[in-house]
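Participant: In case you want the letters, here they are:
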Amino acid sequence: MAVIEFKKVNKHFGTGSARVHVLKDIDFSANAGEFVLILGPSGSGKSTFLTIAGNILSPTNGQVFINGKDISTYSTKERESLRLTDLGFVLQSHNLVPYLTVKEQFELADKVKKSGNLTPDNLTGLLEQLEISELIKKYPEQLSGGQSQRVAIARALYTDPQIVLADEPTAALDSKRVKVVGEILHHLAKSQNKAVIAVTHDLRLVEQADKIYELNDGKLTLKN
Amino acid sequence: MYLALKEIKHEKLRYSLIISMIVLISYLIFILTSLALGLAQQNTSAIESWNFKQIILNKDSDIALRQSLLSEKQVEALKIDNNKEALIGQASIVAKSSGKENISANFIGVKKEQFLYRELKLSSGKLPTTSHEVVVDSSFADKGYKIGDKIYFNSLKTPYKITGFVKNAKLSVAPVVYGLLSAWPELKSVTPNFVASALITKNNNYSVPSSELGSYSKQTLIDNLPGYSAQNKTFTFMIAFLMVISLIVIAVFLYIITIQKLPNFAVLRVQGISNKFLIKNTINQSLILVISGLAIGALLAMITAIAIPNSVPMSFNIPLLGLVSLGLIITSVLGSLIPVQTILHIDPVKAIS
Ligand SMILES: Nc1ncnc2c1ncn2[C@@H]1O[C@H](COP(=O)(O)OP(=O)(O)OP(=O)(O)O)[C@@H](O)[C@H]1O
Ligand SMILES: [Mg+2]
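Order-wise, the sequence lines are chains A and B. When we follow UniProt numbering, the leftmost residue of the first sequence carries the number 1, and every step to the right adds one. When we follow UniProt numbering, the leftmost residue of the second sequence carries the number 1, and every step to the right adds one.
Don't read these hints as lab results, they were simulated from the structure. Even glycine gets a Cβ: it sits at the ideal position worked out from N, Cα and C. Hints are not guaranteed to be accurate.
[Unchecked claim] Straight-line distance between alpha carbons at most 30 Å, and here's what the computed DSS-like set of lysine-lysine pairs gives:
#1 A/Lys138 - B/Lys276
#2 B/Lys350 - A/Lys7
#3 A/Lys114 - B/Lys350
#4 B/Lys150 - B/Lys202
#5 A/Lys113 - B/Lys167
#6 B/Lys167 - A/Lys137
#7 A/Lys77 - B/Lys6
[Claimed, not checked] Listed next, with one range per pair, are the computed distances between beta-carbon atoms:
#8 B/Val252 - A/Ser42: 33 to 43 Å
#9 B/Ser292 - A/Lys69: 19 to 29 Å
#10 A/Asp174 - B/Leu13: 28 to 38 Å
#11 A/Asp25 - B/Ser292: 50 to 60 Å
#12 B/Leu323 - A/Lys137: 22 to 32 Å
#13 B/Ile330 - A/His201: 24 to 34 Å
#14 A/Ser144 - B/Asn284: 29 to 39 Å
#15 A/Ser144 - B/Leu13: 21 to 31 Å
#16 B/Val249 - A/Val206: 52 to 62 Å
#17 A/His201 - B/Ala295: 52 to 62 Å
This is chain A alone, in the form it adopts within the complex (with noise of 0.2 Å):
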């Protein structure tokens, strides 16, 4: 069963003739246990893509469900309840609170959300995985690029969110770790039963990718 599915999606930005029609009459599907990766060019959108999939900006007309409810007639707390729960965010930048190490990124997390995060035994396994258990008691600044990249996966994923949406996940990573994290994605959507959504230019992760979109000025095609 389809978690996430768009239907006929446009977005425009600006008005006049300063209208830009970002998204194209999008039709788009995702299931659980799938991972789909949604390739593009920059400025073709793909952030949009993900903003509208997040429930963060609302399309111009379409309609998005999750879990089979249109989520636009949601009000801002159901809106935030979902994100909080439902689900997972790795941005493009930014992604971790500068005055918390990164420990206490997973602290603030069971501040907001008291139950159903990884337990203690989980989230050591997730951090030896993307080979982060060392930095546990450093700062953002203190960390590099692809470090920082890879504790925001591991901040998205300890929710436990069913549906996981990556915004260029692998940007600053190396070929090593772009296989690190594609099979980490990969097996997550596999062992796990969730929905992986990552947008990215990153061929690299195509191999471990179920089904893969291309996005074009706007427009959205399967391509397997």
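Assemble the complex: chain A is given as a structure, and chain B with the ligands must be docked to it using the hints.
Facilitator: Below, chain B with the ligands alone, put in the same frame as chain A:
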């Protein structure tokens, strides 16, 4: 609270600078308030120590004790119950003693059988019993006067003897010398048909028998002390302006701090962290900053009060300073409410580039 504390811990320099700014502002306000209060008390402490409700003055006195005279005939017409009413005679005097500084003072003559005499609270010595004995304000002791000393008033040749000291006896910023009313006519240089300056009464609605006399409340008497109201207004305005300006300064600082955090808050909003959580943290952070600033400021003011010489009147009124602190806390919460508006309008989209 979690984010607030963690951030202060990580950004020690920035937050200690803000706290020290609040410390300085609150220190200034505390000191100024205490000085204003100290000065006010130098005007009124003697009057405040008299336990009375109404004062009967000559109507021509313009509600000034030192301008009022009561004639023998006027006093005879007054109903006087020694437990409730007391005659007082005020005279401005210069006190001298060989080898010591001259002191400008207020002589207050009282009658032995009336309540005011009995209710005088001495810090040492005993009450005067003859017309040439006096008790004086403790500031005389600071200038070297002792119990048993001979003291001369104005250019009179007969000495008076100090039999005791009274604490906080100040009237119009001059120390008070309490003696017997029988010594008063000579010190005031009035003809014998005048017998007192005023009558004080514990009765709230004492009926005045003569249209030449007027009855006034304690507060009216105090408000009409020369210079007192003007002085208080000046200080009140100074402190009020200071409070308003500090509100603006503190609010601006808190605003800037929050503005710097907005990109970060946007990320947290994306992660589903509620506005409420972020706003609570912002307000808590303001409270932590302001309350710790106030506490240190109060401590500094206390140390100053101990270190400052006695001649500088400074009075710490805990309820008043508490009120001032509460004012600062409220103003700073208001200050932090401006950025709260901004938090409510954070666009989580901003977090996604
Ligand atoms: N708030 C906005 N107002 C106007 N135009 C916008 C807005 N947000 C995005 N756009 C435009 O929409 C288009 C798609 O932007 P988007 O950020 O989705 O691209 P992207 O595929 O994520 O690019 P990149 O790979 O560089 O991150 C761009 O042309 C951008 O200028
Ligand atoms: Mg993007």
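Participant: Run every hint past the structure and note whether it holds.
Facilitator: Going through the hints against the structure:
{"no.": "1", "hint": "A/Lys138 - B/Lys276", "result": "28 Å, holds"}
{"no.": "2", "hint": "B/Lys350 - A/Lys7", "result": "25 Å, holds"}
{"no.": "3", "hint": "A/Lys114 - B/Lys350", "result": "27 Å, holds"}
{"no.": "4", "hint": "B/Lys150 - B/Lys202", "result": "35 Å, violated"}
{"no.": "5", "hint": "A/Lys113 - B/Lys167", "result": "63 Å, violated"}
{"no.": "6", "hint": "B/Lys167 - A/Lys137", "result": "62 Å, violated"}
{"no.": "7", "hint": "A/Lys77 - B/Lys6", "result": "26 Å, holds"}
{"no.": "8", "hint": "B/Val252 - A/Ser42: 33 to 43 Å", "result": "39 Å, holds"}
{"no.": "9", "hint": "B/Ser292 - A/Lys69: 19 to 29 Å", "result": "47 Å, violated"}
{"no.": "10", "hint": "A/Asp174 - B/Leu13: 28 to 38 Å", "result": "36 Å, holds"}
{"no.": "11", "hint": "A/Asp25 - B/Ser292: 50 to 60 Å", "result": "57 Å, holds"}
{"no.": "12", "hint": "B/Leu323 - A/Lys137: 22 to 32 Å", "result": "45 Å, violated"}
{"no.": "13", "hint": "B/Ile330 - A/His201: 24 to 34 Å", "result": "53 Å, violated"}
{"no.": "14", "hint": "A/Ser144 - B/Asn284: 29 to 39 Å", "result": "33 Å, holds"}
{"no.": "15", "hint": "A/Ser144 - B/Leu13: 21 to 31 Å", "result": "25 Å, holds"}
{"no.": "16", "hint": "B/Val249 - A/Val206: 52 to 62 Å", "result": "57 Å, holds"}
{"no.": "17", "hint": "A/His201 - B/Ala295: 52 to 62 Å", "result": "55 Å, holds"}
When held up to the earlier numbered hints, the structure conflicts with 4, 5, 6, 9, 12, 13 and fits the remainder.
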